[in-house]
Amino acid sequence: MTQFAAWIRTPMAQALGWALVHFVWEGVVLAAALLAMLRVFHAAPARRRYALACLALAAMPAAFAITLGVIWALRPLAVAVPIHWVAAPLADGPIAAPARRFAWAMIFDRLAWAVPVWAAGVAFFYARGLAGWVAVRRLRHRGVCVASREWQTRLEQLCARLSISRPVSLLESCFTDAPVLIGYLRPAILLPLGCLTGLSAAQVECILLHELAHVARHDYVVNLLQSLVEGLLFYHPAVWWVSRVVRAERENCCDDRVVETMGDARAYAATLAVLEQRRAPAAALAANGGNLMKRIRRLTTESRGAQTSVAPAASAAVLLVIFAAALTALPAKLPKVRHAHTPASAPLAAMAVAAAAPLPQQSAAPMSTPYRKWLLEDVVYIIADQERSAFVALTSDSEREKFIEQFWQRRDPTPGTPENEFRTEHYRRIAYANEHFAGSVAGWKTDRGRTYIVYGPPDEIDDHPSGGTASAYPYQQWRYRYIEGVGANIIVEFVNSDGSGDFRMTSDPAEKQRASTPYRKWLNEDAAYIISSEERAAFLKLASDEEREQFIESFWQRLGEPFREEHYRRIAHANEHFSTGIPGWKTDRGRIYVIYGPPDAIASSSDSKSILWTYLRIDGPSSAHVFIFEDPDGRGDFRLTNDPGAPHENVPLWDAAPELSVRIGGHGVVTVLVPLGPSPDRFHVYMEITSNRKIVQVSESDVSGQAVFTKSIPLPAGQYRLAAIVKDLASGAVRRSELNLDVVNGPRPVWGKASGREYGASFPPW
Amino acid sequence: MSTPNPLPRPTDAELEILTVLWSLGPSTVRDVHETIARRKPTQYTTVLKTLQIMAEKGLVERDEKKRAHIYSAARPREWTQQQLAGDLLRRAFGGSASSLMLGALAAQRASPEELAELRKFLEEYEKGKP
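Going line by line, the protein sequences match chains A and B.
Per this note's numbering, residue -4 is the first one in the first sequence, and the count goes up by one each step.
Per this note's numbering, residue 5 is the first one in the second sequence, and the count goes up by one each step.
Simulated from the structure, these hints should not be mistaken for lab results.
Virtual Cβ for every residue (Gly too), placed ideally from N, Cα, C.
Treat each hint with caution, since some may be false.
Stated by the list, open to error - Selected chain B positions facing chain A (in silico; Cβ < 7 Å):
#, residue
1, Trp26
2, Val33
3, Ala41
4, Arg42
5, Arg43
6, Leu52
7, Arg71
8, Ile74
9, Ser103
10, Met105
11, Ala114
Chain A on its own, in the form it takes in the complex (with noise of 0.2 Å):
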């Protein structure tokens, strides 16, 4: 159960949620744009307004894939993204909105929940619908009859009519009282007993008409799509109504084929009307009725798909138009929902959104150069986290103009006069920070500048030049007598360190929200891998550092001792092996190890720039994890170059080496192939595989009809070099190709959940 819970705060399950929750709007618009259309071609064909409905039916599942892929991919980073450690030192606004915060926490916290609502309603359509399969598939072969000869006949010939190539089957049911196709493949039409007998025969013609339409326009196919998008978005009512009008519109589109091929449209209603009659009379439950009349009326009444109009393209394009614009909506809507609903990581969330900031589909006009001046430099230590998402989604200059007028506005402790205090106060430390302060860097990028920024001059300065007693360098101590939000007899003490004029804080006054360097260091370096979002929101809450001290505790006693020991192993490992520029377990090669451990399988190219690691049994038995790195320049700097998100299954291992590849099983079975041509020629293969120069296993065989030699060799743990030599028996060209192999099949003793925590056991999309 904690797991589940756990389980739904995972970022997928966030985003599966906010994706259902946006799909409400988009739901609702693309139904009211299909609406719209069928307004507009009232007139139109049935098969037009066929296509807009399907087309709408299809936007339906797109449009939550993608919302699902947007909120996905600009979803806070919370594991091995660089930005944690580089995060400018962002003190909260002095406005920043508590009551609000909760209040999206609240609504999460909820939201969370239905996710597994939402899969259970799922899991109930789609086992409904197989148990509907079912019972269509037993109707077919249960109390059925084959139609007469006659009538067999007559179908083939109303087939080639629609020039309809599959078989169809013509069966009398006792178990329908309506007309009905059934299956794709092998189409069977079954009608009801006695319907042969009862109707004339052009009567029966026309029905049979009406399903073999249906055959011919793969509606069988579609609907099946169809159910299976009903069953995805159950819950919500435009999906049913859309899906609804596409059934509708569906058996228009059948009247009318049958229509232009009998030509009587009236006496095709009266088939229907008495069809209809024939049944047993309806039950108490299905009361509200079909849509019979309305089709009957439609066939007597309109000139059905008589007038030409709108092409059906330019109908479409409209619908895409307004489905384009629906989704071009949403990344604008997104930043400030995503941002709520963490608000611990929001300085982080902000950093995402400001460097998401200039992707194009972000905004129709990206944020110009005095805007984002504004945004990371004017008011970067005074503007709340809210304001700042908000600024960022904004879409044209005058929206930002007038958000920036608000901002100031909203400052203003004099609202009523022209002149604005708060801003030219702010402007006025801004400026007084840059002329003071100014070393290495800008004035106001300084400890001190920002401190002066932020709460304005000191009531007092103790300024030792030559340090003190208790320090050996020159330091500066600000005393604030009272401080808002903060506390009183505040005092700030800053550190020239190194000489060069750059004091560096010691004290913040915002400490309580602010961890000491090493628990910093404990959050952005040693368990950057593996915290999750929300423990990382927790520990930046922490006001103390005995609390610190016991989080970090009580963090690693849920993991168990084995898995700390082993993860400060890995993290040495990382940076005793993956040094290069960096520090090892930054490197890629580090970030996998300290997430995956060593893997079950290391193979690397002939030349040494790839390099290829293998994991086994990550999500499941049968999967395999495998991850690319490449060192072009031969620098050691090896770089992940693939997407090891989707688990492979038997992957072919070497894409580098055509001429030879691996694939590595369960329990140390690898599988050598070699590809040997096309050609029928017979073959000599020579496979030899060492291991310190020593010969482990040679093999030889001669294969012929074949295209792939494979062979399937148990190699225990260690490294081999794999030579096969491929002698063509009739042209004799001989080819060789080798290849470096580490099996590495050592214990993993804290893989899996022992330790209450799947170490590793998800794939982040890098």
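Use these hints to put chain B onto chain A, whose structure you have.
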């Protein structure tokens, strides 16, 4: 015939034969076998045997006056249909199966009001017919 015979529910094989009998009317074993064999390969003797069992059960009646025995269903199809439909059809049709089938008529039956409207339409149609 004051109390309806508690006829046993037909098995799937028996049901198929009943369906053929309802569709063709009274038929010889040969007719029944021919129809069934067009859907799936079946032995003549299997059909004969099944028909004999069904006659014992009372599901079919046998007319022995002619040289080739003529079999007919003991009950009209509506009767068996109701017996079977009660459990299967309602569940299958009322549930999700209906949305997986395509048909000229909606899965939901017409309401009484709609039926009345249909009747009116048909009457007008018959009148308008030349």
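Inset, instruction - Any hints from earlier that this structure breaks? Give me their numbers in increasing order, please. - result: 2, 3, 6, 7 and 8
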